[in-house]
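Student: Residue numbers (UniProt numbering), protein chains in the order written: chain X, 1 to 506; chain C, 1 to 181.
These are calculated hints, taken from the structure and not from any lab test.
Hints may contain errors.
Stated by the list, open to error - In silico negatives: residues of chain X with every beta carbon more than 10 Å from chain C:
| hint | residue |
| --- | --- |
| 1 | Ala28 |
| 2 | Gly38 |
| 3 | Trp121 |
| 4 | Pro132 |
| 5 | Val157 |
| 6 | Gly184 |
| 7 | His187 |
| 8 | Glu392 |
| 9 | Ile404 |
| 10 | Arg461 |
| 11 | Asn485 |
Said to hold, decoys possible - Selected chain C positions facing chain X (Cβ under 10 Å, derived; list incomplete):
| hint | residue |
| --- | --- |
| 12 | Glu49 |
| 13 | Cys58 |
| 14 | Glu59 |
| 15 | Arg105 |
| 16 | Gln108 |
| 17 | Gly131 |
| 18 | Cys152 |
Quick reminder that beta carbons are idealized off the backbone N, C-alpha and C, glycines included.
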Amino acid sequence: MPALIDLLLEGRRVAAHGGWPRVRVEPAIWRFAAEQLGTGHWTLLGLWGEAGERLAVHLALLDETQPGAAVVSLDCPDGRFPSVGQYHAPALRLERALHELTGLEPEGLPDRRPWLDHGRWDRRFPLGAPGPAREEAPYAFLQAEGEQLHQIAVGPVHAGIIEPGQFRFTAAGETVVRLEERLGYVHRGVESLMAGTDLARAAQLAGRVSGDSTVACALAFAQAAEAALGLEVPPRARRLRVLMAELERLANHLGDIGAVCNDAAFALLHSHCGVLRERVLRAADGAFGHRLLRDRIVPGGVAADLGADGRAALAALVAEVRRRFPRLVTLFDETPSLRDRTVGTGIVAPALARRFGAGGFVGRASGRGFDARRLPGQTLYEGLAFEVPVLETGDVDARVWIRIREVEQSLALIEQILAALPDGPLAARIEPAGEAREGVSLVEGFRGDLLAWLRLDAEGRVVRCHLRDPSWFQWPLLEAAIEGNIVADFPLCNKSFNCSYAGHDL
Amino acid sequence: MRKLLFESLIRLPLTEPPPAPEQRELDALAAALGERARRRLGRSLAIREVDAGSCNGCELEIHALNNAFYDLERYGLRFVASPRHADVLLVTGPVTKNMREALERTWQATPDPKWLVAAGDCAVDGGCFAGSYAVEGGVAAVLPVDLTIPGCPPRPVEILRGLLALVAPLPAREATRGATS
Ligand code: SF4
């Protein structure tokens with residue numbers, strides 16, 4: 001099995017690219033890489049295109065056996081490139097979106113249906129040479145044939161306080177035979193808005209890609225920019241970044257654990273987890289001035305310091321969660337009526353999680369232990385001890401337990417940081433490089449690894465930025481997880497995934 | 001053991017420290033809203049939330065209204081599952097082009113009398129997504145907005161305060177509604 005390193009030797013290394021190597025390859029090598037992905041070598045981290053001054057497609061790859069990552073690029077002056085999706089299913093939706101945004105043509109792409117472009121925009125190919133708007137046409141959901149099958153259409157507006165998206169169920173009686181998702185409803189055109197702006201504005205947009213991951217998104221963007229510019233983030237800022245990232249993980253996991261229980265009609269745990277989550281948000285607000293920590297991470301460092309009061313608030317928070325949380329865990333563990341709903345429900349097979357490179361609790365509940373915080377070259381967590389929990393059963397229950405264990409790990413990380421917070425400046429000064437620069441980064445958000453890639457011009461303005469949310473590789477697994485389960489368990493499964501619509505739709 | 005556990009769990013909200021200013025403000029809101037809502041809406045306001053392209057940050061804070069600290073329902077405010085049961089549509093996001101029709105249809109499905117609240121900077125005027133090919137640039141570009149609640153996202157207490165403001169200036173509101181619907 002070829003190592004990623006060997007593939008890199010086949011291409012021409014791009015000099016001004018920070019983070020991991022980027023190489024430009026010939027079409028044959030591109031195709032080879034796609035085939036290798038299809039046979040289970042390497043993991044797909046991202047696939048995006050650019051159709052501005054140059055026409056090119058980029059493939060971000062992860063080697064999990066000899067850990068490392070790289071970007072492989074193909075120039076496509078005629079606007080065409082060999083489809084990766086034809087070999088590797090996880091690339092399908094990425095490629096459909098890539099085509100709609102840039103106009104670049106994935107040759108051999110088996111699924112030509114529109115994805116983000118619902119025919120409502122005023123133009124086509126917003127990131128490329130804009131053409132007239134696409135004709136609106138009914139979406140062709142995949143067919144499921146068989147006797148006595150019926151369809152249930154749900155969305156885009158759902159019954160709760162949830163993001164919009166469409167779900168098409170085909171069911172035989174109570175049992176789901178097929179679920180198909182249709183997304184793109186919250187596409188805001190983030191990548192187009194970023195093009196041509198300065199770092200500050202682009203960072204602000206990055207922090208608004210997915211509100212629940214505002215810290216992770218802003219961190220991924222900032223790290224990509226810093227990699228491009230060769231910036232060293234000061235030690236205090238690095239620690240504060242970890243602190244914010246773990247607070248975000250803590251708040252979201254607490255919210256999710258409660259919400260999953262709520263969807264299993266166990267409201268008591270929902271209430272108590274809701275109280276703990278609110279305490280995290282209030283402590284974050286007290287410490288850094290924003291409940292969700294929005295705009296607190298900026299390229300170069302952080303935009304808010306931690307004072308003595310904030311430190312005390314966070315220490316009190318950790319003590320409070322440590323006091324309350326174990327009882328809630330025991331209650332979850334010892335309530336058979338609740339576990340009856342979560343155990344064995346919505347199973348994701350480990351092979352599927354591996355193939356899709358599913359991150360976060362979705363991957364880790366199905367045996368895939370990858371964690372971007374541990375990626376070689378990722379130094380943000382250097383000197384901090386934490387464990388990455390992994391389970392094999394892949395059901396709703398396992399996804400809850402992963403979150404429970406991660407809550408404990410986040411608490412431990414916060415304690416470690418509070419115990420030894422270095423002094424010093426909060427941000428490095430940003431100077432334009434005087435030449436075009438590129439950078440890439442991978443950040444472990446609460447729901448998994450988040451990729452950011454960008455190119456800056458000589459003045460430090462963003463030419464092209466791509467952000468890939470972990471949900472891209474989790475949404476398709478939800479379709480697989482619900483198969484054979486009853487329709488009534490869908491909310492439970494969906495909540496245990498808690499994929500981001502906004503992060504995916506961009 | 002289990003019984004004890006339940007007891008202590010149930011007692012948790014009671015063992016809260018004395019109310020902070022924010023808490024007193026909430027109580028004040030509860031009293032004021034209770035009276036006005038009783039006058040106008042039989043003490044209850046049914047809210048249907050619609051995400052029209054939000055980053056989901058606004059949703060997180062709207063969700064928080066249901067937690068034990070804010071306990072929205074004690075004000076007679078509650079979230080409902082269908083627009084057909086709603087008095088108020090609480091809309092977030094810059095209204096993406098892909099969500100416009102769904103939002104309009106949700107509004108049409110809401111029976112009169114109805115009010116529309118735009119929550120969050122995005123819903124107010126498109127926020128940081130204004131100018132994109134993919135958004136309308138705020139709820140008012142699509143539907144008549146009765147009230148805006150700025151913030152990115154607005155804090156739960158600000159959303160509450162906003163909902164209170166909604167039921168306050170009654171005679172004036174009636175006049176405008178008559179003209180627009
Ligand atoms: S106002 Fe802010 S939090 Fe709300 S949807 Fe817009 S960007 Fe997200």
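Student: Failing hints, ascending?
Tutor: 3, 5, 6, 7, 16
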